[in-house]
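Novice: Letter by letter, the chains look like this.
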Amino acid sequence: MAKGLFATYHPAVCMLFFLAAICFSFCTQHPVYVVMTCVFAGAYLIYLKGARPFLRSVGAFIPMVVFIGLLNSLFNSAGASLLWRWGPFSITVEGLCYGLAVGGMLVAVLLWFSCYNEVMTEDKFTYLFGKRMPTISLMVSMISRWIPRMVSRGHSVYDSQEALIGCYDQSKSGKVKRGLRMATVLAGLGMEDSVQTADSMCARGYGSTRRTAYARYKWHVREYVVLGLLIALVLANAVLLVVGTGSFKFYPRMSNIEFLWGYVTYALMLGMPFLVELERLKR
Amino acid sequence: MEDRNQHEFALEVEDYSFTYASSDVKALDSITFRLRKGSFAALCGVSGSGKSTLLRAFKPEIAVAGKPSGKIRVLGDDPYELSPVESATRIGFVMQDPENQIVTDTVWHELAFGLENIGMDVDTMHRRVAETAHFFGIGGWFDRRTTDLSGGQKQLLNLAAIVVMQPAVLVLDEPTSQLDPIAAKDFFDVLERVNSELGITIIIIEHRLEDVLPAADRVLFLGKGGRLLYDGDRDGFVRMLVEDKSGFDVALPAATRIAVCFNRSGKSLDAGGAYPVTVREGREFLDQKARQEDGSLMEPRPLGREVPPENVALSAKDLWFRYTKEMPFVLRGVDFDVHAGRIAALVGGNGSGKSTLLSALSGVRKPERGRIANPRKLHVALMAQNPKMLFVHDRLLDDLMEWSSVGSYSEGDAIDMLERFGLEDKRNRHPYDLSGGEMQKAALAKILLLDPDVLLLDEPVKGIDALAKAQIGEILTELALKEGKAILFTAHDLEFVSEIAHTCSMMFGCEVTCTQDAHGFFVDNLFYSTPTARIARGILDGCVMTADIAASINAEGTA
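Line order of the protein sequences matches chains A and B.
This note's numbering puts the first residue of the first sequence at 340, with every later residue one more than the last.
This note's numbering puts the first residue of the second sequence at 755, with every later residue one more than the last.
Since the hints were made in silico from the structure, they are not lab data.
Values in this document were obtained by computation on a predicted structure and should not be read as measured data.
Among the clues, some could well be false.
[Unchecked claim] Pair by pair, the computed Cβ-Cβ distance ranges are:
no.	chain 1	residue 1	chain 2	residue 2	range
1	A	Met478	B	Ser1158	38 to 44 Å
2	A	Ile482	B	Arg1125	39 to 45 Å
3	A	Gly546	B	Phe1262	44 to 50 Å
[What the hints assert, rightly or not] Straight-line C-alpha distance at most 25 Å; calculated SDA-like pairs for lysine to any residue:
no.	chain 1	residue 1	chain 2	residue 2
4	A	Lys342	B	Asp1152
5	B	Lys1120	A	Met521
6	A	Lys516	B	Asp1152
7	B	Lys1079	A	Gly513
8	A	Lys516	B	Lys1216
9	B	Lys1216	A	Gly493
10	B	Lys1120	A	Gly567
11	A	Lys516	B	His1133
12	A	Lys514	B	Lys1216
13	A	Lys511	B	Lys1216
14	B	Lys1131	A	Gly513
15	B	Lys1131	A	Gln509
[Stated by the list, open to error] To list a few chain A residues with every Cβ distance to chain B over 10 Å, as calculated:
no.	residue
16	Cys362
17	Asp498
18	Ile504
19	Met540
20	Leu599
Every residue gets a Cβ at the ideal spot worked out from N, C-alpha and C, and that includes glycine.
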């Protein structure tokens, strides 16, 4: 169970939030927007999983940001303020900043996906789409049960055949042969199992009528409120982006950074997981 | 829908016969019986007597293909004429394998699965699932993933996922054969509650008469050729088995077999006295006998078993093992020797590390610390828990020949081996079509063809009937004593261990806590011992097998 009140909201609300956060992060390279989305995504990840996993993932992302920033500035010499020139390559302040903004954008998207994984567990996903696609959601559920079973069974088959015939042939070709044999055994066992699983499904009336889906989540007033807020903020931000407050020119010279109302709506939207915690203050 | 309450009988079977699609011989031969609502019936029978076929006939969705004749009624209706939803909810079916019956990935989804299938509305579904989870005590692991459950929990979940649909009749096909004894007991306790508190009619196929007889108020016994040989109460069933000497009496509970010993030695039961079934009844019986008999006639004379001399084949020193660096240790400082010419048993609860120790001893899994010495470079063979894992071909004989080149044996050797295991007439069968006992024997046969010096067997008698068990026991004894092979096997069946093992070791918490000669082990253990030992404790001390009791009462009597 993920930490925080936001994770307890109806999966549709969480889904909308993450969709919005990820899409908006992709849509703008305005430095303030990029910094905001990075900060909120990072803060939420720390809140969900603690500082250590956050640092670990950021540690992996930073080289990427630097790499993209350098690469962009190396091959894109459109900027006006020259920093350094070497043969055909020239590094400009604008190019470097643009590269950093793109890198930051990617980092934000990755961080949001990490948060998504924590909050939107598989059962929430299948719940959301289960009603629309009962067969697919059942398949997802069955497959996610089947894979770990196959892996652990593969281990036992491997153990037993290595112990029996492994000593006769330790060559590469012998190992390949045994690998193939293991696949045959697993396939045979799998078919045998699936017959029994099918029996178990039929015995419990699978296919007897239109399926319904067990719902673990209900809509409460607070869910409607947050959903309404989210929709309003998404619309507001979308409008503001389209009319141009979120656009930012890097080339040939960077625009000045000034205060925009768009920052407020954007922060409110991305800060939703923290805003819902305000409910605690009432108590 | 018709009112279910107007019928007196949950199940009615009249002159029912069945022939498999592929054969002309009747698998079930004019069977007739009626089961009152709310009864708990045990369906017993020798292997291949058509028990499963009979039970599956109640459920058209999973019935065996073939030609049936006669009449079957479930609460007065022909199951073939019920609507699919009605059929799904009226008769619940629990099968043998806990693993394969589970369809979905989470416990809550599995519970809801059947209700989703019959299109139940969400509010009612919530209520049913909650009620059922509560009844079965599943609340604590409601959110768990099904792959993380123990075997016992899985089978309880399967039962709950059927009961949630509120069936009138519950049909179970050997539901506990894959479980360890503790989990099996738990399962039976819950099953008895389902019967007594919910009034659901139960009919169950079960090898463990020890567990099922105390619960059943009705016993049906199928003989060879699918004929119903007995239909009646428990005591009549026991008497029938004792008298007909078909060999099935080895499956009787220990308490009953002890009483049978007295009976056969000429000291018959009190007139009208019912045969004891549980350990408590067995103790009462034995105690009463001890006070009746002249002291000299009943003296503990356990047979004991000579333990062959030490002859180290494999030796593990201070083994520490874990599957990955992130996981906890599964073996902690295990010292263990396997001796040639001896049968050693390894017992202990699930997850105590038994299977891992076998894997480590086989040399497949390298320990993190410690080492395994195989000074004479002996050939070690490991038999996995699931015998199916050994087979890849469509014919049993082809399968046995799979390793003929590496193991250098001929087809004649393979046929001899099949004969040794009494499987010669099964040589053209598909290995997967063998019964549990036959499959286990076939797997052992395949391994023996490689002529290993050390045999490591993981639960070789799991889920198989008493007759097949006895046969495997005989072969293992022969292999150790006559051919000098080193044998180490794990088992949950303590009776089997007491009957064939020379030494017995107990594993607990990833360590081997003690190793002792098998007889001494069961005498010294208070709870973790054979039912016979628990019955005889304080009355005929030192008796751990039925044969010990027989010796204790016979010796003087015959002299």
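Novice: Decide, hint by hint, whether the structure agrees.
Specialist: Hint by hint, here is what the structure shows:
About 42 Å separates the C-beta atoms of methionine 478 of chain A and serine 1158 of chain B, a value consistent with the hinted range of 38 to 44 Å. For the hinted restraint 39 to 45 Å between isoleucine 482 of chain A and arginine 1125 of chain B, the CB-CB distance of approximately 41 Å keeps it satisfied. Restraint check, glycine 546 of chain A to phenylalanine 1262 of chain B: a C-beta distance of roughly 47 Å satisfies the suggested window 44 to 50 Å. Restraint check: the Cα-Cα separation between lysine 342 of chain A and aspartate 1152 of chain B comes to about 57 Å, which exceeds 25 Å; the hinted pair is violated.
For the suggested pair lysine 1120 of chain B and methionine 521 of chain A, the alpha carbons sit about 20 Å apart, so the restraint of at most 25 Å is met. A C-alpha spacing of about 18 Å is found between lysine 516 of chain A and aspartate 1152 of chain B, which places the hinted pair at or below 25 Å, so the restraint holds. Taken as a hint, the lysine 1079 of chain B and glycine 513 of chain A pair is broken in the structure, with Cα atoms around 29 Å apart against an allowance of 25 Å. Among the hinted pairs, lysine 516 of chain A with lysine 1216 of chain B is inconsistent with the structure: their alpha-carbon atoms are about 30 Å apart, more than 25 Å.
Straight-line distance between C-alpha atoms of lysine 1216 of chain B and glycine 493 of chain A comes to about 21 Å, which keeps the hinted pair within the 25 Å bound. With a CA separation close to 59 Å, the supplied pair lysine 1120 of chain B and glycine 567 of chain A exceeds the 25 Å bound. Restraint check for lysine 516 of chain A and histidine 1133 of chain B: satisfied, since their Cα atoms lie roughly 21 Å apart, inside the 25 Å limit. For the suggested pair lysine 514 of chain A and lysine 1216 of chain B, the alpha carbons sit about 31 Å apart, so the restraint of at most 25 Å is broken.
With a CA separation close to 35 Å, the supplied pair lysine 511 of chain A and lysine 1216 of chain B exceeds the 25 Å bound. With a CA separation close to 21 Å, the supplied pair lysine 1131 of chain B and glycine 513 of chain A stays within the 25 Å bound. A hinted pair counts as satisfied when its Cα atoms are at most 25 Å apart, and lysine 1131 of chain B with glutamine 509 of chain A qualifies at roughly 16 Å. Under the 10 Å C-beta cut-off, the non-interface status given to cysteine 362 of chain A relative to chain B holds; the minimum distance is some 29 Å.
In this structure aspartate 498 of chain A is not separated from chain B by more than 10 Å, as the shortest Cβ-Cβ distance comes to only about 5 Å. The non-interface label for isoleucine 504 of chain A is inconsistent with chain B: the shortest C-beta to C-beta separation is roughly 6 Å, within 10 Å. Once the 10 Å rule is applied to beta carbons, methionine 540 of chain A is inconsistent with being away from chain B; the minimum gap is 6 Å. Every Cβ of chain B is farther than 10 Å from the Cβ of leucine 599 of chain A; the closest lies at roughly 44 Å, confirming the non-interface assignment.
In summary, the structure is inconsistent with hints 4, 7, 8, 10, 12, 13, 17, 18 and 19 from the numbered list given earlier, while agreeing with the others.
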